[in-house]
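Below are the chains, spelled out letter by letter.
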Amino acid sequence: MEFTGAQILMKVLKEEGVDTIFGYPGGAVLDIYHALAQTDIRHILARHEQGAVHAADGYARATGKVGVSIVTSGPGATNAVTGIASANADSIPLVVITGQVPTHLIGNDAFQEVDIVGITRPCTKHNYLVTDINDLAKTIKEAFFIARSGRPGPVLVDIPKNISASKAAYKLPGEIKMRTYNPTYKPNLKQLRKIVDLIKSAKKPLIFSGGGVTISGGSEELTRFVTRTQVPITSSLMGLGAFPGTHPLWLGMPGMHGTYRANMAISNCDFMLAIGVRFDDRVTGKTDVFASNATIVQIDIDPTSIHKNIPVEIPIVGDCKVSLEELNKLLDEEDFNHVKEKRQPWLDDIEKWKSTNPLAYQAGDIIKPQFVIEKLYELTGGKAIITTEVGQNQMWAAQYYHFEKPNHFISSGGLGTMGFGLPAAIGAQVACPDKTVIDIAGDGSIQMNIQEMATAVQYGLPVKVAILNNRYLGMVRQWQELFYERVYSATTLDHNPDFVKLAEAFGAVGLRAQKSSEVEPVLKEALSTKRPVIMDFVTEREENVYPMVPAGAPISQMLLV
Amino acid sequence: MTEQNYVLSIFVENRPGVLSRIVGLFSGRGYNIESLSVAETMEPDVSRLTMVTKGDAVIIEQIKKQLNKLINVIKVYDLTGTNYIQKELALIKVHAKSEGRAEILRIVDIFKGKIVDVGQEHYTIEITASKDKMTAILNLLKPMGIKEIVRTGIIALHR
Ligand SMILES: Cc1ncc(C[n+]2csc(CCOP(=O)(O)OP(=O)(O)O)c2C)c(N)n1
Ligand SMILES: [Mg+2]
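Chains as they are written, first to last, in our numbering: chain A, 10 to 570; chain B, 28 to 186.
Hints listed in this document are in silico derivations from the structure and should not be mistaken for laboratory results.
As the structure is a prediction and not an experimental result, all values here were calculated from the model.
C-beta: ideal position from N, C-alpha, C; glycine also.
Pairwise CB distance ranges (calculated): (1) B/T109 / A/A46: 51 to 61 Å; (2) A/D141 / B/E153: 33 to 43 Å; (3) A/H113 / B/D105: 41 to 51 Å; (4) B/R178 / A/L114: 33 to 43 Å; (5) A/V205 / B/T109: 28 to 38 Å; (6) B/L184 / A/D344: 49 to 59 Å.
When the alpha-carbon atoms are kept at most 25 Å apart in a straight line, the in silico PhoX-like pairs for lysine-lysine are as follows: (7) A/K361 / A/K209; (8) B/K91 / A/K317; (9) B/K92 / A/K199; (10) A/K317 / B/K102; (11) A/K392 / A/K74.
Build the full structure now, drawing on both the sequences and the hints.
Quick look at the structure:
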């Protein structure tokens, strides 16, 4: 029996366990959408292809599964690029199917033709152009395999219209084994052994964990490891939630807007176990003085992440979860009781840093953005899935919401994509219908993909958007205030829409708070509503995010409140 | 850290777009390509590239890892500092009026080259040489007036 390429695609998607697709149709994917309509796969129609890909990304981050998106050729594909690049920067597994003009027209500047494989080569983990229908099934299967294995990432498959429309026999592809791609999961045990010894002998040990722990599903193992060794821990933005944010050994996030104690701990530690992090410049500040007193061990599944920005003494290639499991086994034979005394001065230092310079802001009648997040944290018991936009809103969310669990903080870390939060919240809500999903937004960012409110309303997804409305592109304004003589060039947003009316126009609920006393009632009302809600918090205009490490400075040199 | 040239031998799947992935990696990350030569191996679905790249030890380490990370790359060998043979082919069109011809022939002979084309006012020389010898012959021919030159970039093989 023969099937169309589109039908074959559906068969493989089913095989891969896909139950939801976020997409947007068009001429080059008509056959694919026709075949999709005959399956029980749920399709969520976004209102912009960027929104579709961010939603697939949010779905992937909330579940750990591969997010799937389908878009048409040409503008559909180029619109998807920001979504793809965002997922790539944060190692999120996606399979993005793009339509392409028929093979005989490729290279002809045909209607809605772009070389999307060429365009996305540097921002995907891998990509394919299918030119023979007999390769289709295997290619799709390979795409899923590559997307989810090793260091995950987005894989794009470009399918010309004649390939999806023509027919061929379908043979279930066997298990994928690739000659050129075989990630290393199991760490070198001899190297791991050294970690245990170093932790025992260190006077000022520190763990620095990142997104790799969440992605590998190693959060429990990390928590066990920390509890057992009693080593203080900090984690990058991408790593938030992999370790409970209320634990006494938790130091908060480090880096440009990190806590004073986390940055001081990095600058003073004598041993650092870095796991699932890539030492982004937003974390390290001036690299020569980053953890310059420490022996650094780095564990990562991607060898290119090791030694890239920061030289390390002990490199270990392996999966974070597997490595932590192995480490925990090694710990079984160890006794850490006697190291505690030796470490007490270090823990005292940390406590001192914490009490002298805690995260702080001046509360008042005018709404402080930090206050909104603190209240939100309180009212949700720290259990909500929080997505963010980009800018000050994102940093305050990271600082003031204490994440207890992995996969609950969903933010565009590596690319810093404004417009990410709302569609990502939609994807997370589709994945977790029973959870409270909140996009902590800026008034600038939310306008980048506000059209996705229509998606939320159409599918009855009760996402909540909390706009910290400072009438500024706040983070850029903050830099202009501090480093560009307060010249607020192109950062003033004096013509924002009325977000309450806008919510209502979309068929959602709109709420506004204009003074501190209104914050809690608005949050409560929103949280008890079963519909999508936009909350407009009219905040202090020129509030800054502190601490702040000026770009390129050592992270120990922070501007404080 | 000091920069130097490194010779990499890179085995890749012989498929459309693979070369552009490699070249794109270098341009996108700001790495240098000093020379590059590519052709099929005995296995028609595998190509072998010889690349000369320049950088310090840390950059080269990163380059090798980034190359290995590309899905279509089978294996990367760093020949630098190992025992290997390297050769480059060049065609050199050099000014040759009657008075200089004998001198050119002598140089070509010493370097075991060949005259592959003769014109009224030029010789075209074919020469296969290691990098050092190539530099030497070019230095000797330069005073005669080199009109045009084309070089393949080196190819290299383990001994
Ligand atoms: C797509 C995109 N364009 C531009 C930027 C640069 N940028 C970073 S933060 C920011 C301001 C964001 O403003 P807003 O959403 O109001 O957040 P706030 O900082 O005020 O909380 C800008 C423009 C970006 N990160 N992403
Ligand atoms: Mg703003």
